[in-house]
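Novice: Here is what each chain is made of, one letter per residue.
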Amino acid sequence: MPAEIEDLNCRRASFLLSLACERPLSADEVRALKAHLDECLMCTNFEQQLRFLHDCSKKFRTGT
Amino acid sequence: MPRASATDPRAEIESHRPYLVRYALAQLRDAELAEEAVQEALVAALESIDGFDKRSTLRTWLTSILRFKVIDIQRRIVAERQRLPYDEAGAAAEHEAWLDEMFDETGHWRSPPQAWNDPEAALEQARFWEVFERCLARLPATGGRVFFKREVLGEDTPVICRDEGITDSNCWVILHRARILLRMCLEQHWFGTEASDAR
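Order-wise, the sequence lines are chains B and D.
Numbering-wise (this note's numbering), the first sequence opens with residue 32 and increments by one.
Numbering-wise (this note's numbering), the second sequence opens with residue 44 and increments by one.
What the hints contain is simulated information worked out from the structure, not anything from laboratory work.
Please note that a few of the clues may not be correct.
Which stretches of chain B does chain D cover? Using the computed rule of at least three CB atoms under 8 Å from a CB of chain D, they are [to be verified]:
1) 46-58
2) 63-70
3) 75-82
A short, non-exhaustive set of chain D residues, derived as facing chain B with CB atoms under 7 Å [as the list claims (entries may be wrong)]:
4) SER154
5) ALA158
6) SER212
7) ARG222
8) LEU224
Simulated restraints on C-beta separations [said to hold, decoys possible]:
9) B:ALA58 with D:SER107: 20 to 28 Å
10) D:GLU78 with B:GLN79: 17 to 25 Å
11) B:HIS85 with D:ASP211: 14 to 22 Å
Backbone N, C-alpha and C fix where the C-beta goes; we use that ideal spot for every residue, glycine too.
Required output: the full structure, derived from the provided sequences and hints.
Specialist: What follows is the structure, encoded as structure tokens:
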């Protein structure tokens, strides 16, 4: 596993979370990300908020 | 989202103007042309409001009219000059560095994402959509445009990057940056306030 994704910091982990909206992550990236999320509540919050932003934007498109 | 009385179609159509301007701006990258497209679309919509059959939402219907106006203007632009100028070409190189403002030197969040209280409930609040629109408007020009195309319109990332004339990796950083900024703005103006708990 490349060193740069072996031990993720929040900067790198959050980028991968965002990147996952654009392209499928590699097995190494997924593994490293999971390990980080198990320990990091802030990035777990960010992951949920990304999902919310996605749903919210879709709804914004059609209006109510 | 702001709603006007059903008896006044003009006001109801008008309430969608900020969204429509944002849509036109994402396609045309020019405030004046975007205004022109929206103005023409709103006039056309008022003239044919009887044709709105309510099978879609009013916003979706207005957007479909606007789409044609945008295409007209794009054709005209292509005829007038070969290519639209890219407004922030020089900014691309600084995008990685911009993330320095969001994370400290060890890569930790400077403004850590908090848990949001019942985000789904926010979607039902008209006031929330006003905040969402304001936060979208505050994004940097490129970030706002790319985010709008990707998340609101659901366009494919490679297509967006190509149209913007930027590399995939710059595109990813721009999107990441826009999402963090939007998240911070919503947390500051909605989820982090007592108001969101009281609703």
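Novice: For every hint, state whether the structure bears it out.
Specialist: Each hint, compared with the structure:
1. 46-58: holds (count 6)
2. 63-70: violated (count 0)
3. 75-82: holds (count 5)
4. SER154: violated, 10 Å
5. ALA158: This interface hint holds because 5 Å falls under the 7 Å limit.
6. SER212: violated, 10 Å
7. ARG222: holds, 6 Å
8. LEU224: Violated: closest Cβ of chain B sits about 11 Å from LEU224 (chain D), beyond 7 Å.
9. B:ALA58 with D:SER107: 20 to 28 Å: For ALA58 (chain B) and SER107 (chain D) the Cβ distance comes to about 42 Å; the hint is violated.
10. D:GLU78 with B:GLN79: 17 to 25 Å: Hint violated: Cβ distance 37 Å, outside 17 to 25 Å.
11. B:HIS85 with D:ASP211: 14 to 22 Å: Hint holds: Cβ distance 19 Å, inside 14 to 22 Å.
This entry does not satisfy hints 2, 4, 6, 8, 9, 10, going by the numbered hints stated previously.
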